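A.B. asks: Please build the complete structure, drawing on both the sequences and the hints.
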Amino acid sequence: MALFQIAEPGESAAPHEHKLAVGIDLGTTNSLVATVRSGLAVCLNDDQGRPLLPSVVRYHADGSYEAGYDAQKQQALDPKNTIVSVKRFMGRGLKDIAHLESMPYDFIEAPGMVKLKTITGIKSPVEVSADILKNLKLRAEAALGGELVGAVITVPAYFDDAQRQATKDAARLAGLNVLRLLNEPTAAAIAYGLDNAAEGVYAVYDLGGGTFDISILKLTKGVFEVLATGGDSALGGDDFDHRIFCWVIEQARLQPLSPEDARLLMMRCREAKEFLTLNPEAPITARLNSGELVDVKLDVASFAEITQTLISKTLQPVKKALRDAGLRVDDVKGVVMVGGATRMPQVQKAVGDFFRQEPLTNLDPDKVVALGAATQANLLAGNKTGKDDWLLLDVIPLSLGLETMGGLVEKVIPRNSTIPTARAQEFTTYKDGQTAMAIQVVQGEREMVADCRSLARFELRGIPPMVAGAPRIRVTFQVDADGLLSVTAREQTSGTEASITVKPSYGLSDDEIAEMLKASMTHAKDDAMTRALREAQVEAERMIEATEAALAEDPHLLSAAETEKIKATIAKLRETVAGDNRRLINIAMDDLGYETQEFAHRRMDQSIKRALAGRSVDELQALTPHGEEK
Amino acid sequence: MDLTADFFSLFELPKSFRLNLSELDSRYRDVQAQVHPDRFAHGSELERRLSMQWATRANEAYQTLKKPLERAKYLLELAGHDLQAESNTAMPADFLIEQMEWREAVAEARTGGDHHELEHLHQRLAGDLRGRYDELGELLDECHDYPLATDRVRRLMFLEKLLHEIDDALASLDD
Ligand SMILES: Nc1ncnc2c1ncn2[C@@H]1O[C@H](COP(=O)(O)OP(=O)(O)O)[C@@H](O)[C@H]1O
Ligand SMILES: [Mg+2]
Numbered sequence: 001m002a003l004f005q006i007a008e009p010g011e012s013a014a015p016h017e018h019k020l021a022v023g024i025d026l027g028t029t030n031s032l033v034a035t036v037r038s039g040l041a042v043c044l045n046d047d048q049g050r051p052l053l054p055s056v057v058r059y060h061a062d063g064s065y066e067a068g069y070d071a072q073k074q075q076a077l078d079p080k081n082t083i084v085s086v087k088r089f090m091g092r093g094l095k096d097i098a099h100l101e102s103m104p105y106d107f108i109e110a111p112g113m114v115k116l117k118t119i120t121g122i123k124s125p126v127e128v129s130a131d132i133l134k135n136l137k138l139r140a141e142a143a144l145g146g147e148l149v150g151a152v153i154t155v156p157a158y159f160d161d162a163q164r165q166a167t168k169d170a171a172r173l174a175g176l177n178v179l180r181l182l183n184e185p186t187a188a189a190i191a192y193g194l195d196n197a198a199e200g201v202y203a204v205y206d207l208g209g210g211t212f213d214i215s216i217l218k219l220t221k222g223v224f225e226v227l228a229t230g231g232d233s234a235l236g237g238d239d240f241d242h243r244i245f246c247w248v249i250e251q252a253r254l255q256p257l258s259p260e261d262a263r264l265l266m267m268r269c270r271e272a273k274e275f276l277t278l279n280p281e282a283p284i285t286a287r288l289n290s291g292e293l294v295d296v297k298l299d300v301a302s303f304a305e306i307t308q309t310l311i312s313k314t315l316q317p318v319k320k321a322l323r324d325a326g327l328r329v330d331d332v333k334g335v336v337m338v339g340g341a342t343r344m345p346q347v348q349k350a351v352g353d354f355f356r357q358e359p360l361t362n363l364d365p366d367k368v369v370a371l372g373a374a375t376q377a378n379l380l381a382g383n384k385t386g387k388d389d390w391l392l393l394d395v396i397p398l399s400l401g402l403e404t405m406g407g408l409v410e411k412v413i414p415r416n417s418t419i420p421t422a423r424a425q426e427f428t429t430y431k432d433g434q435t436a437m438a439i440q441v442v443q444g445e446r447e448m449v450a451d452c453r454s455l456a457r458f459e460l461r462g463i464p465p466m467v468a469g470a471p472r473i474r475v476t477f478q479v480d481a482d483g484l485l486s487v488t489a490r491e492q493t494s495g496t497e498a499s500i501t502v503k504p505s506y507g508l509s510d511d512e513i514a515e516m517l518k519a520s521m522t523h524a525k526d527d528a529m530t531r532a533l534r535e536a537q538v539e540a541e542r543m544i545e546a547t548e549a550a551l552a553e554d555p556h557l558l559s560a561a562e563t564e565k566i567k568a569t570i571a572k573l574r575e576t577v578a579g580d581n582r583r584l585i586n587i588a589m590d591d592l593g594y595e596t597q598e599f600a601h602r603r604m605d606q607s608i609k610r611a612l613a614g615r616s617v618d619e620l621q622a623l624t625p626h627g628e629e630k
Numbered sequence: 001m002d003l004t005a006d007f008f009s010l011f012e013l014p015k016s017f018r019l020n021l022s023e024l025d026s027r028y029r030d031v032q033a034q035v036h037p038d039r040f041a042h043g044s045e046l047e048r049r050l051s052m053q054w055a056t057r058a059n060e061a062y063q064t065l066k067k068p069l070e071r072a073k074y075l076l077e078l079a080g081h082d083l084q085a086e087s088n089t090a091m092p093a094d095f096l097i098e099q100m101e102w103r104e105a106v107a108e109a110r111t112g113g114d115h116h117e118l119e120h121l122h123q124r125l126a127g128d129l130r131g132r133y134d135e136l137g138e139l140l141d142e143c144h145d146y147p148l149a150t151d152r153v154r155r156l157m158f159l160e161k162l163l164h165e166i167d168d169a170l171a172s173l174d175d
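Chain order of the listed sequences is P and B.
First residue of the first sequence: 1, per my numbering; consecutive thereafter.
First residue of the second sequence: 1, per my numbering; consecutive thereafter.
Wrong hints could be hidden among the right ones.
[To be verified] In silico lysine to any residue, SDA-like type, Cα no more than 20 Å apart, as pairs: (1) P:LYS218 with B:SER26; (2) P:LYS609 with B:LEU24; (3) P:LYS567 with B:GLU45; (4) P:LYS609 with B:LYS15; (5) P:LYS431 with P:PHE458; (6) P:LYS319 with B:GLY113; (7) P:LYS349 with P:ASP324; (8) P:LYS319 with B:GLU119; (9) P:LYS221 with B:GLU119; (10) B:LYS67 with P:LYS319; (11) B:LYS161 with P:ARG446; (12) P:LYS572 with B:ALA33; (13) P:LYS73 with P:VAL42; (14) P:LYS411 with B:SER26; (15) P:LYS609 with B:ARG48; (16) P:LYS320 with B:LEU163; (17) P:LYS411 with B:LEU173.
Derived by calculation from the structure, the hints in this document are not laboratory data.
In this text the structure is predicted, and so the values were computed from the model without any measurement.
C.D. replies: The structure is reproduced here in structure tokens:
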């Protein structure tokens, strides 16, 4: 069969084969990749047995780069070209970035998102993140011995649309099929909940290097329901380092530092912070380029004092999330701690005091997110074994709205709505004969447009000229299961519909991704065309496999003629997959998509009916081949 | 069954205001377990799109039926009573005066930072709402008196908003 001829060694397209899927925790500080092996979620280590990959990328003059520990070691030598904590720049403009002055990079303002000037050339944070992801992808493929069918990538729950879109773009750029963007605290809850058969309301407090998330979840048999989420996408362990940094500069009365010295001192401050977790006092010494010697000591009490405001800053979103969930502190059965920065004793104490219970720290705060993501990836890839099945209901962290008169925001979808979700709103013109209308989409909780993040601005044209107030323009917001938004606008009174769909403006178009892929390929053996062909083949195989499985499962939903038609279309697609013409494969896939459309509807219908009625399969077989009335 | 079926039919529940909420919960979960995009992450593009539409619909239905005010509004809509069109008529003066008194009390407690008083106002209003919803249930499920139910729903819209403001005031004292 053609299907098997093109399968790589170690990989098979046979239906019930275990599919290679991974979960990736793309962290500010550290990233990890994990998978489910023999029913157990495990992190995949590098060739030296280390699970973490520091999220650091160094670019060289010859266009090559290194990611991870090697890059991290060099950061003080080559700070401009060694990018750390790039996650802080994802989907962010220059004005959004805190502590710019203590960063050594050459930033370039670009529409929607900053870029960084490196010796290799100008890099967007998306490309830097893609380089981290590529490294993990290679690690996983080497460890698993085959191509990945897909990956679940985690994002902070509090990431907005721009940050999520940037993350998804980075994954695509790294050649990963994104099965889902999963919120980090939710991933942690999956890992914890499944391991402990937990039931009840849990809070997940996730303080990483650069982001803070709080999620309140309700765990009931097989359902993980996020009730509310909150956080601060620019608050984390890095800020504790920065507090120490400022304290040292003050103590040692230092003059403004060079980028190299600043980076060196910042590393020392981080070491001191981590040292203080188990020790009462930490020495901070550094020989600066200027020849000056920094030599100070920081004790636990002073450390707690200079970082106290940071900790209370995390408790505000905690209170808000509880309120949004309609719960009180006493309703929370357990508090799961996630993220390296929750190792700090003063954080654990503050959280314990707030929730009036010892937080749960028995999980490895570094790994739990990746392990949860791997577990979810395994489920999404279709590797479930029947009994281990669960449903995840997550929410959108920030409200979505539109600009109305006077720069005010009209909320369309409130924060903490369960996704996927959609909402339509009607607008009209305010001038006679008006044929165009500007639509500005924002995200955030504030009342003024200026205080929210602008996601997209687009113009709806071709409104038929009518008196003011007569046109009815329906703007629909759709948020998908990744938490990503698309907006459609349509004029409804006229027969001629003006309709457009926008992805918020900072997102990369497919063409841009293809362009970037091609550009990056000049430094790799792979070639973009082969890669695209291979991707189409894999996609087609997936489609054939899914269709055949559906045919086997639900033959009763189709008439004999319909079944024949679908089988013939599958055969045609199979022929094209054996060839090397990507266009033909895509056409044949579209054909199969078209032929199976009705079938898919009937299947969906059937499953809902089954779920509600709990009827047996036998009874359903008695349905007519043409399904039910629509 | 299709995407345009009404929310009650979607969950195969009777079209009534008095609803067994735990039954609603479990049916919502049953439906999501079948249609959620996580079930189709490795499916065809069409399946993924369909699943997003169904899951979106199920969420909308659940959110609407879960909250009594939304559920009542929805029942009126199904019965052909457009709240929007009828909301131009002014509310009776005594109701409006009562509203103003409530609002003054909330504002005073808020500026005075009186947590206790706000809690008290919340309790009182919540109790008042319960009684009104009982009445609404009778109007909708037994009397089928939609015009009167519409009037009651409009009042409840004011009161729910007020309750929200009290909660906001409580929250602002918490921070
Ligand atoms: N023992 C420790 N004590 C205090 N902070 C720590 C410790 N270990 C790690 N951290 C801090 O945790 C942060 C990284 O946490 P991590 O969960 O890996 O972040 P991210 O998810 O953002 O990559 C860093 O700020 C690091 O300094
Ligand atoms: Mg993390």
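A.B. asks: Now tell me if each hint is right for this structure.
C.D. replies: Hints, one by one, checked against the model:
1. P:LYS218 with B:SER26: Distance of about 14 Å is within 20 Å: holds.
2. P:LYS609 with B:LEU24: holds, 15 Å
3. P:LYS567 with B:GLU45: Satisfied, since the Cα-Cα distance of roughly 19 Å is no more than 20 Å.
4. P:LYS609 with B:LYS15: With Cα atoms ~18 Å apart, P:LYS609 and B:LYS15 stay inside 20 Å; holds.
5. P:LYS431 with P:PHE458: holds, 19 Å
6. P:LYS319 with B:GLY113: Given pair P:LYS319, B:GLY113 holds - Cα atoms ~18 Å apart, limit 20 Å.
7. P:LYS349 with P:ASP324: With a Cα-Cα distance of about 24 Å, the restraint between P:LYS349 and P:ASP324 is violated, given a limit of 20 Å.
8. P:LYS319 with B:GLU119: Distance ~17 Å between P:LYS319 and B:GLU119 Cα, so the pair holds.
9. P:LYS221 with B:GLU119: violated, 35 Å
10. B:LYS67 with P:LYS319: Violated, at about 23 Å.
11. B:LYS161 with P:ARG446: Holds - the C-alpha atoms of P:ARG446 and B:LYS161 are around 18 Å apart, at most 20 Å.
12. P:LYS572 with B:ALA33: violated, 34 Å
13. P:LYS73 with P:VAL42: Distance of about 27 Å is beyond 20 Å: violated.
14. P:LYS411 with B:SER26: violated, 29 Å
15. P:LYS609 with B:ARG48: holds, 19 Å
16. P:LYS320 with B:LEU163: Holds: P:LYS320 and B:LEU163 sit about 17 Å apart, inside 20 Å.
17. P:LYS411 with B:LEU173: violated, 24 Å
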